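Novice: Protein chains in written order, with this note's numbering: chain A, 429 to 681; chain B, 5 to 559.
No lab work stands behind these hints, which were simulated from the structure alone. Accuracy of the hints is not assured; some may be wrong.
Mimicking SDA-like on lysine to any residue, the simulated pairs with C-alpha atoms at most 25 angstroms apart in a straight line are [claimed, not checked]:
1. A:527 - A:631
2. B:236 - B:142
3. B:119 - A:623
4. B:119 - A:465
5. B:236 - A:553
6. B:119 - A:461
7. A:646 - B:190
Please read all numbers here as calculations on a predicted model, not as lab measurements.
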Amino acid sequence: MPVHSDHAAGHHPALAHHFQDLDQQKDTTWLAMWVFLATEIMFFGGLFLAYVIYRSTYPDAFAIASNALDVKMGLGNTFVLIISSFTMAMSVYSAQVGKKTNLIAFLILTLILGGTFLGVKYFEYKDKFEHGLVPGRHFDFASHHDPKTGAAIEHGASSSSHGESSHSETGDKKPLREIQIFFSLYFAMTGLHAFHMIIGAGLLIWLIGLSAKNTFSKEYNSPVELVGLYWHFVDIVWIFLFPLLYLIGRHHH
Amino acid sequence: MSVTTVPQQQEQENYLTAGYSLQSWFLTYDHKRIAWLYLASITAMFFIGGIFAALMRLELMTPASDLFEPDNYNKLFTMHGIVMVFFFIIPAVPAVLGNFLLPLMLGAKDVAFPKLNLLSWYVYIAGATFTIYTIVAGGVDTGWTFYTPYSTSSSQTHVVPVVLGLFITGFSSILTGLNFMVTIHRMRAPGLTWFRLPLMVWSLYATSIIQILGTPVIAVTLMMAGLEKIFKLGIFDPALGGDPVLFQHLFWFYSHPAVYIMIVPGMGVINEVVTCFSRRSIFGYRAIAFANVGFVIFSFVVWGHHMIVAGQSVYSALIFSILSYLVGIFSAIKVFNWTATMYKGSISYDTPMLYVFGFQGLFLIGGLTGLFLSALGFDVHVHDTYFVVAHFHYVMVGGLVMAFMAGIHFWWPKMTGKMYPESIAKFAMILVFSGFNLTFFPQFVLGYLGMPRRYASYTDEFQLLNIMSTAGGSVLGLGFTLGVVYMVWSLFYGKAVNSNPWKATGLEWEKASSPPIVENFHETPIVTEDPYNYANRDFIKDFPQELSKEVNARA
Ligand code: HEM
Ligand SMILES: [Cu+2]
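This is chain A alone, in the form it adopts within the complex (with noise of 0.2 angstroms):
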């Protein structure tokens, strides 16, 4: 194909053919970044928003259902997270000032916080699977003990018109379908979350191959700066669920 491009001399390797030059490709990659970041809470508004209405819905269940979650592995991945935001900052920083060693560790240590993240999901998963806590067929509540009260959740007591929840205090017997809607829902939610970060943590890889590479400096990094912003908003959207699911109504009673 011909080029027919006024600008085609001495060019930049990273600018695309059809810019004019770096500073306005990086301002569409900038602009795009937050267009594409609208859409993502746009995405999980939907089920944050169905999330709100059952919660409000079923609050009983719910509290109880959380209380099944646990805490000290969701409190310790939120950890891992904030932590991973601050390597990925510094990932960041340090390819503004052109520090190709520092830009490789940070990223790299953001990619093992991401992955430790993952590994504890995993755990998490697994628990709630062995415990028959996945909704669907084989949903199981039933040994399962409200840790408040002690007593078992019992089978088939659900309340299926909606609004209508069990007001039992004590807790021995708890809409079972309403549970399973907010494992529905934690698994929804959390699953997309997770896969936002396997998405990361494959372009963290693509970064540390870049980066290996010698493509970044001080003039062109807005790579590393995209994919920043894009970890930042999957660590802030864990922010908003971990209290979400893990903590409102743990002390319901």
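Based on the hints, put chain B with the ligands in the right spot on chain A.
Specialist: Below, chain B with the ligands without anything else, positioned relative to chain A:
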């Protein structure tokens, strides 16, 4: 002459001659070629959807359900709706005309992210593949709205693959919207300020915002529905503790704005065509530009008018009803401004302009009946009758498809360098217009008289009107088929045109050759005047009534 006519060297390479291999088409990053990929795909989908429509109309010729079992009829209207809405109407103007024109109108070499652009076409194809697979595997019967709990619990048909297909297709729409929005912000030529943008660009901008904010919501909704179907989760099924009304809220939060994804770009096309064939600057440029913004805002707050009988409180219904009236204001602004533009203009009746007239008339009927439907009492009366079917076909087919036809005829010479045969095109336009009215006008009456939608059978008294409707459907189908035939014909045998056969304003006409070169412009254009400055063009006086004559003379 102040018109810059780009020198047309015969042997000069353009984007069509820049490569002939399959690879040069299927791995292209050129927005103009991607527009062609979309054009071919949506045309195919349009005819697939059309076949379903034809089968439905055949069934409805007689009162009994004799051609199809009711179950199969359910699948027909479901597949028709899905294919037409998600695979034809939504991508039609943005993905075909938008892709082709946006960079040209902005004076840019390409969209901001050419690879992403190609990716979005592949994503579309992946989504379409799932849908076609479902058709072959036996179809879906939920209606294109997938209302729960029917779709998640009762239906025994292939809900999951379709939902997955639509989930995927949604990303194609999001990616296109994102790409366009960023392109409009960052890729404008020097001097091209916001208020010098062609109104088509404003429309595409508004559409992009809706795509970006709305589509993720439907994606996640369909995801939840799919998961519920597979794992019996109970998010929407009341028997499992869920809430079906929540599904409707989420669904219409997207699908009402989606109506504007369909119609707003069409209105963008109308702006361009109206001014060109009236030889006047558009009346009320800013009002139209801001009306687009109004559409965006209001489209997100009226979804509840689809749920007036779905069990929301009377107060919500009232509020949604009132808000819905407000949306009418923005359509009215546009329709009035187009009419004012034509007033005292020197109008020429070429095919694109005929489609604009078609659009004006049909969209007006569609829009006004939409106001009827926003009235609570009336909606309760005609809810889920053929009145609604007629209404949305007037808006979608009478509105968007007319606009699309106007646009494709208008820019065809730019896209191909060839002129379509004008008199055959006019004939086809008349077929489409009269076929359309014959098909759908009787349906208003049918609905008002009480014929419900989505049934394969009806009582005898409705037969006459149904026969009219089916007859109209055949005329309509004929008109569209003829369109495809002469368009393809003109690719090979059409008369060659110069860079600006309509003598229109706009960078794509005045600064780019027909067809444009690969990088669109030989040098980046600099914009120094407002759009639609027809008054400042010398040729306004001797503008030929029948442009085709001039084209013939040239060839
Ligand atoms: C761009 C073109 C078109 C679009 C976007 C479109 C869209 C739709 C949609 C969304 C539905 C609703 C499906 C449902 O009820 O779930 C529908 C139904 C229907 N359409 Fe179309 N349509 C188009 C063209 C046509 C044509 C050309 C015909 C007839 C020749 C037609 C005949 C019908 C019929 C008979 C129904 C069934 C209504 C019912 O039983 O509920 N459509 N269409
Ligand atoms: Cu609506």
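Novice: Starting from residue 236 of chain B, check that the Cα of residue 142 of chain B is at most 25 angstroms away, please.
Specialist: holds, 22 angstroms
Novice: Is the hinted pair residue 119 of chain B and residue 623 of chain A satisfied, with a Cα-Cα distance of at most 25 angstroms?
Specialist: Holds, because 23 angstroms separates the two Cα atoms, which is no more than 25 angstroms.
Novice: Is the hinted pair residue 646 of chain A and residue 190 of chain B satisfied, with a Cα-Cα distance of at most 25 angstroms?
Specialist: holds, 23 angstroms
Novice: For the pair supplied as a hint, residue 236 of chain B and residue 553 of chain A, confirm whether the alpha-carbon distance does not exceed 25 angstroms.
Specialist: OK: residue 236 of chain B and residue 553 of chain A at ~19 angstroms, within 25 angstroms.
Novice: Take the C-alpha atoms of residue 119 of chain B and residue 461 of chain A, compute the straight-line distance between them, and say whether it is at most 25 angstroms.
Specialist: Status holds; Cα separation ~15 angstroms.
Novice: Going straight from one Cα to the other, do residue 119 of chain B and residue 465 of chain A come out at no more than 25 angstroms?
Specialist: holds, 19 angstroms
Novice: For residue 527 of chain A and residue 631 of chain A, compute the direct alpha-carbon distance and say whether it is at most 25 angstroms.
Specialist: holds, 20 angstroms
In terms of the numbered hints stated before, the structure departs from none.
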